[in-house]
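Novice: Note that the protein sequences, when read in sequence, are chains A and B.
Start counting the first sequence at 5; every next residue gets the next number (our numbering).
Start counting the second sequence at 12; every next residue gets the next number (our numbering).
There's no promise every hint is true.
Unchecked claim - Here are some chain B residues the structure puts well away from chain A; computed CB gaps all over 10 Å:
#1 Arg154
#2 Asn314
#3 Glu474
Unchecked claim - Keeping only pairs whose Cα atoms sit at most 20 Å apart, straight-line, the calculated EDC-like set for lysine to aspartate or glutamate is:
#4 B:Lys216 <-> A:Glu31
#5 A:Lys129 <-> B:Glu108
#6 B:Lys476 <-> A:Glu31
#7 A:Lys146 <-> B:Asp366
#8 A:Lys77 <-> B:Glu291
#9 B:Lys332 <-> B:Glu291
Stated by the list, open to error - Covered, in the sense of this in silico footprint (three residues per stretch, anywhere, with C-beta under 8 Å from a C-beta of chain A), are these stretches of chain B:
#10 54-61
#11 246-258
#12 271-283
#13 522-531
Hints are computed from structural coordinates only; laboratory data are not their basis.
Just so we're clear, the structure is a prediction, and the values are computed from it rather than from any experiment.
All C-beta atoms, glycine included, are put in the ideal place defined by N, C-alpha and C.
Letter by letter, the chains look like this.
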Amino acid sequence: MDKVILKVFRGDSNGGTEQDYEVPTFEGMVVLDAIHYIQINLDSTLACRWNCKAAKCGSCSAEINGVPRLMCKTHVSDMAANGRPIVVHPLKTFPVIRDLVTDVSWNYRNSEKIKPLQLAPDAPKPLVMQQMDVDRIQEFRKCIECFLCQTVCHILRNHNVKEQFYGPRQLIKLANLDMHPYDALDRREMIRKEAGVGFCNITKCCTEVCPEHIHITDNGIIPLKERVADEYFDPIQHLIRKLSGADKKKK
Amino acid sequence: MTENYDLFEHDVLVIGAGGAGLRAVISASQAGLNVGLVCKSLLGKAHTVMAEGGVAGALGNLDKKDCWEVHFKDTMKGGQFINNWRIVEIFAKEAPERVLELEQWGAVFDRTPDGLILQRPFGGHTYRRLSHVGDRTGLEIIRTLQDKAVSCGIKTYMEVTFTRLLKDGDRVVGAIGYYRPSGKFIAIKAKAVVLATGGWGRMFKVTSNSWESTGDGVMMAYEAGAELLDMEMVQFHPTGMVWPPGVRGLLVTEGVRGDGGILRNSKGERFMFKPEYMPEMYRGQYAETEEEAHRWLEDKDNNRRPPELLPRDVVARSIYKEVLAGRGSEHGGVYLDITHRGADFIRRKLPSMYDQFYALGGVDITKQPMEVYPTIHYTMGGIRTEPESCATTVPGLYAAGEVAAGLHGANRLGGNSLSDILVFGRRAGDGAAEFAKAASHGSLDERQIEEEMSLMLAPFTCEGKENPYRLTQELQEAMQEGAMIARNEEGLSKCLQTILSLQERAKNLHVDGAREYNPGWHTARDIRYMLKTSEVIVRCALERKESRGAQWRTDYPDRDPEWGKKNLIAGKEGDQVKVSTRPMSEMPPELAKLFEEGK
Ligand code: SF4
Ligand code: SF4
Ligand code: FES
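Generate the whole structure from the sequences, applying the supplied hints.
Specialist: Below you can see the structure in the form of structure tokens.
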């Protein structure tokens with residue numbers, strides 16, 4: 005294979021069309037390389053976001069052959085099997101600004117509403133925490149805010165309940181804070197109400213697309229559901245967990 | 012045609028939203044001021060995100076002997092003594108507190124068995140000093156600062172590129188730029204401005220830098236009359252990826268070597284042990300046999316560190332020489348091998364390196380060695396600042412982080428950049444806040460604004476045919492050839508000529524399309540900054556007729572003690588770059604004596 009056809013969405017908030025570009029390939033080429041080739045050689049107005057080109061910043065998200073992926077981590081050779089064209093579209097769940105660039109400000113607005121860590125007044129300085137106790141929150145902190153999980157989640161994608169559901173990214177942010185050994189805030193109200201954890205019906209599509217391999221559903225959302233369920237629907241179990249020390253924080 | 016622009020007003024304006032900018036807005040807003048933050052990308056995507064290995068600060072969690080004095084000495088030695096000693100002193104003293112404060116704000120570092128922050132060894136650091144989170148420390152820091160900054164109630168302008176500082180007389184009173192999405196103009200009036208725009212590596216072909224690193228921050232300061240310091244000092248990180256072509260230059264963290272990674276040439280030699288690669292200054296401080304280096308992995312108190320952990324300039328030059336001598340790897344690098352640490356260890360300590368090589372290079376680093384070669388990584392030179400307040404030479408203008416100079420001298424030690432942005436980000440925020448509290452707003456000069464807007468819009472109507480991407484590529488070729496790791500008079504002069512002719516051609520830049528999110532148009536503006544920055548780098552590199560740290564002149568291969576007493580200064584004089592020298596102030600006796608104690 006020495007050439008590949010890319011079908012790239014061109015347009016803005018008023019709509020648009022796919023346009024074909026023929027791009028020469030090289031070993032190890034990723035989709036972002038192909039987009040850059042187009043910008044440099046074929047059409048300098050093609051808009052996309054990128055920063056690191058190393059799958060570390062979460063800027064270059066797009067829907068490639070219908071699946072949300074990072075363009076800098078997706079090999080052209082994997083996408084163009086049997087000489088098929090590669091179809092590149094912007095994230096579907098967010099409004100298009102231009103071409104592959106979407107307006108993701110909704111995510112930032114919700115993120116802002118989540119209060120940062122508030123240390124318990126008796127927390128030692130420096131903090132003393134065992135690796136074992138931070139392993140699970142470090143997993144959530146790997147998030148690069150690519151919003152691939154947000155775009156794939158059918159609650160947001162098909163049912164557009166953005167007013168009531170923050171989506172998987174913000175849920176693991178909440179899980180991170182809630183599971184922090186020294187966080188003093190009670191976040192259950194927010195998890196249940198504003199963030200709308202109840203909307204999630206555990207399809208795990210978000211986990212599948214996460215480029216950081218975060219177990220969003222199993223390690224983040226399900227424990228959150230249990231936490232608010234404990235509180236709101238099962239006080240007895242909550243008490244048992246507290247007494248047995250399984251729920252060692254927020255004594 | 013008159014262009015409109017949006018106008019906003021803040022007490023303090025911070026340009027750049029990496030670690031330094033975010034830390035600056037936190038302190039300025041804690042001082043009770045109204046703060047605006049401008050970022051070129053979305054929030055949280057700045058270059059800090061790519062920092063991997065760790066943040067250096069003498070917490071002494073593992074090596075009790077560590078203290079600010081040793082960190083001070085390591086940093087001065089690494090920088091080959093052209094660092095500003097006062098800046099280094101402040102830095103070494105304050106770094107531990109800044110790291111601990113991050114933990115209070117939610118950062119979750121890896122832990123020691125005692126439950127404290129875990130620290131790893133790194134090149135040029137005497138002790139285990141780098142607090143880290145696997146190999147994604149930068150992400151941890153930027154996310155922590157981002158959440159903290161946002162909760163301080165600042166105003167953030169995302170995807171806004173600023174292109175010019177606005178002056179009222181001598182003083183900087185605001186700035187103008189454009190929104191990337193709409194292409195419309197925006198001006199912000201401020202009592203004080205902090206530049207935290209990071210470094211500039213895009214003018215080189217093989218670089219670990221993103222599209223943002225075009226030198227716009229440092230050039231805005233230069234245009235506004237600020238003095239630049241030691242601009243020739245550009246760091247070549249010893250280990251960038253070499254294969255496949257699309258990832259050439261991508262960073263391979265020094266953490267690999269900190270955790271035991273071994274460098275070998277195509278003959279299988281562990282070449283860093285060759286005596287000719289050991290600088291005089293470090294002789295006797297590194298393991299001299301492979302056995303000792305191996306024992307060090309388990310027993311750091313009774314063995315010396317492997318020579319792979321020499322400072323970056325030394326390792327980069329050694330790799331360069333090995334490849335030049337025909338002992339390179341398949342794709343023109345050398346081998347970096349960590350397989351002996353075992354798959355579990357590697358996946359736990361270097362997860363993103365594992366992913367990066369697996370996904371992008373098709374290499375499983377738990378089973379195979381990596382191929383690496385030096386890549387442009389960091390800029391030690393930059394805007395000259397006051398140690399205490401981070402004030403530049405222009406009233407109302409402050410600078411912190413990679414865009415500023417003075418801390419790292421001729422070579423930066425790994426891990427010092429992340430503590431740099433914390434220590435001096437905070438100080439710049441405080442410095443700007445103090446200035447802003449005592450000042451009232453200046454007035455914006457419509458003429459300067461008009462001028463900038465028409466300069467920005469010119470490529471749309473220009474009759475010329477120059478393509479901004481082509482010019483960028485030509486500049487990158489020229490810099491790669493003439494101003495890379497091994498420099499000499501002839502190569503540098505030729506490079507300068509190319510830069511000057513490209514500057515001429517840049518007057519005929521033409522772009523198509525509309526103003527909304529038009530990358531071709533953005534590149535047309537970026538290339539001007541890159542060309543000017545390159546000119547300054549090359550002029551300074553020509554001027555420094557010696558080899559020191561990152562500056563390796565093959566025609567002047569030795570260090571010249573005279574050059575160790577002064578800094579190179581670049582400033583704007585009319586339309587010309589003026590390069591001069593300034594003597595450094597002498598280190599006070601209590602600091603100087605640290606180097607005698609042999610501690
Ligand atoms: S598991 Fe929940 S959050 Fe994830 S995609 Fe499914 S519904 Fe959305
Ligand atoms: S959780 Fe994963 S998919 Fe979602 S934003 Fe973070 S990194 Fe991206
Ligand atoms: S460019 Fe950073 S994740 Fe793709």
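Novice: Under the criterion that the straight-line Cα-Cα distance not exceed 20 Å, is the pair lysine 332 of chain B, glutamate 291 of chain B satisfied?
Specialist: Satisfied, since the Cα-Cα distance of roughly 18 Å is no more than 20 Å.
Novice: If you count the residues of the region 271-283 of chain B with a beta-carbon closer than 8 Å to a beta-carbon of chain A, do you get 3 or more?
Specialist: violated (count 0)
Novice: Are at least 3 residues of the region 522-531 of chain B within less than 8 Å of chain A when you compare beta carbons?
Specialist: Since 9 is at least three, the answer is holds.
Novice: Please work out if lysine 129 of chain A and glutamate 108 of chain B have their alpha carbons no farther apart than 20 Å.
Specialist: Since the Cα atoms of lysine 129 of chain A and glutamate 108 of chain B sit roughly 11 Å apart, the hinted pair holds (cutoff 20 Å).
Novice: Below or equal to 20 Å on CA atoms is what counts here, so check lysine 77 of chain A against glutamate 291 of chain B.
Specialist: Distance of about 43 Å is beyond 20 Å: violated.
Novice: Going straight from one Cα to the other, do lysine 146 of chain A and aspartate 366 of chain B come out at no more than 20 Å?
Specialist: At roughly 13 Å apart (the allowed maximum being 20 Å), aspartate 366 of chain B and lysine 146 of chain A satisfy the hint.
Novice: When I compare C-beta atoms, does the region 54-61 of chain B have three or more residues closer than 8 Å to chain A?
Specialist: holds (count 7)
Novice: Can we trust that asparagine 314 of chain B is non-interface, i.e. its beta-carbon lies farther than 10 Å from all of chain A?
Specialist: The claim stands: asparagine 314 of chain B keeps its Cβ more than 10 Å from every Cβ of chain A (closest is about 25 Å).
Novice: For glutamate 474 of chain B, which was marked as not at the interface, is the minimum beta-carbon distance to chain A over 10 Å?
Specialist: Label holds. Min Cβ-Cβ 17 Å, cutoff 10 Å.
Novice: Can you take a look at whether the region 246-258 of chain B is actually covered by chain A? Rule is 3+ residues, C-beta closer than 8 Å.
Specialist: Holds: 5 residues of the region 246-258 of chain B have a Cβ under 8 Å from chain A.
Novice: Given the hint that lysine 216 of chain B pairs with glutamate 31 of chain A, test it: the Cα-Cα distance must not exceed 20 Å.
Specialist: Answer holds: lysine 216 of chain B to glutamate 31 of chain A is near 18 Å, not above 20 Å.
Novice: Starting from lysine 476 of chain B, check that the Cα of glutamate 31 of chain A is at most 20 Å away, please.
Specialist: This hinted pair is violated, its Cα atoms lying about 32 Å apart.
Violated hints, listed in ascending order, are 1, 6, 8 and 12; each of the other numbered hints is respected by the structure.
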